[in-house]
Amino acid sequence: MLETKELVALRDEINEAIKTSRRLDRCHQQFLARRKDGITRARQTSYAAQSASLAASLKAEVNGVKQTACTVLNLVRG
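Quick note: to get the working numbering, add 25 to the position in the sequence shown (first position is 1).
Quick caveat, the hints were computed from the structure, so don't treat them as lab data. Do not take every clue at face value.
Simulated crosslink set (DSSO-like; lysine-lysine; CA at most 30 Å straight-line) [as the list claims (entries may be wrong)]:
{"no.": "1", "residue 1": "Lys30", "residue 2": "Lys91"}
{"no.": "2", "residue 1": "Lys30", "residue 2": "Lys84"}
{"no.": "3", "residue 1": "Lys30", "residue 2": "Lys44"}
{"no.": "4", "residue 1": "Lys61", "residue 2": "Lys91"}
{"no.": "5", "residue 1": "Lys30", "residue 2": "Lys61"}
{"no.": "6", "residue 1": "Lys61", "residue 2": "Lys44"}
These numbers were taken from a predicted model, which means no experiment stands behind them.
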């Protein structure tokens with residue numbers, strides 16, 4: 026039987042991954058919107074650093090969700 030605490034933890038991890046995904050989407054949208062004003066080296070560097078950081082964070086969070094889901098649902102990860 027699934028424990029409520031485990032399911033809540035899984036839900037919380039999923040919510041954090043969704044938030045990070047939305048932040049990454051906003052980062053891309055803002056960069057594209059600002060592109061109309063011209064691309065500067067500083068703007069491009071800032072965008073690259075921020076998007077890389079958010080992408081790495083999202084990847085780690087998704088891996089955490091997978092691991093927690095496998096643990097909670099007793100799945101074999103292959």
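Each hint tested on the structure:
1. Lys30 with Lys91: The given pair, whose Cα atoms are some 17 Å apart, holds under the 30 Å limit.
2. Lys30 with Lys84: 24 Å, holds
3. Lys30 with Lys44: 21 Å, holds
4. Lys61 with Lys91: Given pair Lys61, Lys91 is violated - Cα atoms ~39 Å apart, limit 30 Å.
5. Lys30 with Lys61: The hint is violated at about 48 Å.
6. Lys61 with Lys44: Satisfied, since the Cα-Cα distance of roughly 27 Å is no more than 30 Å.
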